[in-house]
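Single-letter residue listing:
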Amino acid sequence: MSIHTKTIAQLAQGLKNKEFSSVEITQHYLDRINKSDLNAFITVTDELAMQQAQASDDKIASGNGGILTGIPYAHKDIFCTQGVKTSVGSKMLDNFISPYDATVSHHLNQADLVMLGKSNMDEFAMGSSNENSFYGDVKNPWNKNKIPGGSSGGSAAAVAGGLSCFATGTDTGGSIRQPASLCGITGLKPTYGRVSRYGMIAYASSLDQAGPMTKTAEDAAIVLNAMAGFDEKDSTSAQQDVPDYTANLNDSIKDLTIGLPKEFFSEGLDDAVATEVMNAVKEFEAMGATVKEISLPNSAYAIPTYYIVAPCECSSNLSRLDGVRYGYRCDDPKDLEDLYLRSRSEGFGAEVKRRIMIGAYALSAGYYDAYYLKAQKTRHLISEDFKKAFADVDVIMGPVSPTTAFDLGSVKDSVSMYLADIYTLSANLAGLPGMSIPAGFSNKLPVGLQLIGNYWSESKLLNIAHQFQKQTDWHAKIPEEG
Amino acid sequence: MSLSEQQVSQIAYLARLSLSDSELKDNTKDLNAILGLAEQLGAIETDGIEPMAHPLHMTQRLRADVVTEVDQSELFQSIAPNVGNHHYLVPTVIE
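Read top to bottom, the protein sequences are chains A and B.
Residue numbers for the first sequence follow this note's numbering, beginning at 71 and rising by one.
Residue numbers for the second sequence follow this note's numbering, beginning at 53 and rising by one.
One should not assume that every hint holds.
[As the list claims (entries may be wrong)] One side of the interface only, derived from the structure: several residues of chain B facing chain A at Cβ under 8 angstroms:
1) ASN79
2) ALA85
3) ILE86
4) ALA90
5) PRO143
6) ILE146
[To be verified] Selected chain B positions facing chain A (in silico; Cβ < 8 angstroms):
7) ILE63
8) SER70
9) LEU93
10) ILE96
11) GLU102
12) PRO107
13) ALA116
14) VAL119
15) GLN124
16) ILE131
17) GLY136
18) TYR140
19) VAL145
20) GLU147
Hints are computed from structural coordinates only; laboratory data are not their basis.
C-beta atoms are modelled at their ideal positions from N, C-alpha and C, and glycine is treated no differently.
Sequences and hints are given; from them, build the entire structure.
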């Protein structure tokens, strides 16, 4: 077994037993990143990584290492990292060396992790294919003509392609779960408010949530232990105790009741994806779980609701980027208005501009009630659907994405791209935790199974996913090299 | 309803974006397609439904009104496009 196919748990054991050092595994990953053509990283922090690896080895030698000490990871380029470029995939922040650490970055540093670099992403996390990055498309390790998914496409490709042991991601409308599904890895979007948003560059603040992207559910539990927690610097951070997410991984799930929303298995779902998802559900039945059909009647409205709420919040959040205090400024502005107009027009990409304009329009006088207020009311109905469903079932299962990874460049208009987010958006709108776990293949491309849980049920989701991964080996499959 | 190029141009200006002629044409088409999607919301009965602004229905936490930030203006201004005398510099606004 090579270093890059090992999980966090396996690397931690090997480091403890002196089978290899953090310097050795970090160098191994850096060599692989160097040779890779996936374009998974925007910045490779090789010098910093080697320093962190050496410090980790010293700490392990003195007997003070923790489970994550010396483990190399990829950090999505949306998290501020002090002294390191934090571009959020945009020309606007191409010159932005963050003067401070995001709370998540701080926690990961405290855990003695080794940051290999900042992973590629759709600009400002707006996209489902990683084709909206200023730094170019990311390729899917399973087939380099295919998209890796987005917006955390670099993170997913890095983990699936053996370029990092795990990665961080953020999920506003599916940006952890969908690339995890399309690249065949495990991804967890926690309950809204579970992980601090401080220093995580905002897209849509009432939806954004960070989480781990890993090889296994066990690894996701280990990383979430380090990421989660109340943060007084984030006004929407939840004052909720953080359990040990690894504590219940081995609980039995034989009394589990699974809900299958009929709306998630209707028109638009690829037959082969449906088959793999249902095979996974049957695996749970064989493990003793009960399956029930449920209904989320308003879930079809998740797309129009999301594509009003998120652009409204983004048009407000991104107004701070004006070329005055940091980020891109146009050459030779003739007056202040020219400075604003040209810095923003030259600094933002096409999809970001579209969403800013949709938001600006939907929030403008005379249209607010018809769009933003209406969408917030629909959001309430979508959330109520889940409340009713969770009175009867422990977990909801279904597909993550209607298809497997599609060809790079094949989806040309925004609306078609938005429609592929149908199964992931509702969990964000309701603020619920969701996961994607590897559940099979179609045409040699990975298919993910989505799990959606009730608020604060991350432990339960990880337990369910871990039990599935003990019975199956989809998560252990790796793409051919070359 | 659908937006005209003139309206899209006005929306762009409100968002402090300037669009080239071809961008204006493309965005008018795209924005109308996206708003067409949003029209589906009209089919839902939402009378008497509370708008949901926060997923956990939490109210914003308040903190004591005391200074907690330390002065890091030099660090913050070190990444600014143009500064002078501790000020952020922009083209002259008032002669």
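Evaluation of the provided hints:
A distance limit of 8 angstroms between C-beta atoms decides the matter here; for ASN79 (chain B) the minimum to chain A is near 6 angstroms, and the interface restraint holds. For ALA85 (chain B), the interface hint holds, since its Cβ comes within 8 angstroms of a Cβ in chain A; the closest pair sits about 5 angstroms apart. A cut of 8 angstroms between beta carbons decides the hint on ILE86 (chain B): the least distance to chain A is about 6 angstroms, and the hint holds. Interface hint status for ALA90 (chain B): upheld, as the beta-carbon distance to the closest one in chain A is roughly 5 angstroms, under 8 angstroms.
Restraint check, PRO143 (chain B) versus chain A: the minimum CB separation of about 5 angstroms is within 8 angstroms; hint holds. The beta carbon of ILE146 (chain B) is not positioned within 8 angstroms of any beta carbon in chain A (closest approach about 10 angstroms), and the interface hint is therefore violated. Hint status for ILE63 (chain B): holds, given a least beta-carbon distance of 5 angstroms to chain A, under 8 angstroms. The interface hint given for SER70 (chain B) holds, since its Cβ lies 5 angstroms from the closest Cβ of chain A, which is under the 8 angstroms cut-off.
With a least beta-carbon distance of about 5 angstroms to chain A, the hint placing LEU93 (chain B) at the interface is held under the 8 angstroms criterion. At about 6 angstroms, the closest approach between the beta carbon of ILE96 (chain B) and any beta carbon in chain A falls short of 8 angstroms, and the interface hint on this residue holds. The closest approach between the C-beta of GLU102 (chain B) and any C-beta of chain A is roughly 6 angstroms, which is under the 8 angstroms cut-off, so the hint is satisfied. Look at PRO107 (chain B): its Cβ gets to within about 2 angstroms of chain A, closer than 8 angstroms, so that hint holds up.
Hint status for ALA116 (chain B): violated, given a least beta-carbon distance of 11 angstroms to chain A, over 8 angstroms. At a threshold of 8 angstroms, the smallest CB-CB gap from VAL119 (chain B) to chain A is about 15 angstroms, leaving the interface hint violated. Restraint check, GLN124 (chain B) versus chain A: the minimum CB separation of about 7 angstroms is within 8 angstroms; hint holds. Annotation: ILE131 (chain B) was flagged as interfacial toward chain A, and the flag holds, the nearest CB pair being 5 angstroms apart, inside 8 angstroms.
Here the hint on GLY136 (chain B) is broken, as its CB sits about 13 angstroms from the closest CB of chain A, past 8 angstroms. At its closest, the beta carbon of TYR140 (chain B) sits 5 angstroms from a beta carbon of chain A; the interface hint therefore holds under the 8 angstroms criterion. Checking VAL145 (chain B) against chain A: minimum C-beta separation of about 5 angstroms stays under 8 angstroms; hint holds. The beta carbon of GLU147 (chain B) comes no nearer than 11 angstroms to any beta carbon in chain A, farther than 8 angstroms, and the hint placing it at the interface is violated.
In summary, the structure is inconsistent with hints 6, 13, 14, 17, 20 from the numbered list given earlier, while agreeing with the others.
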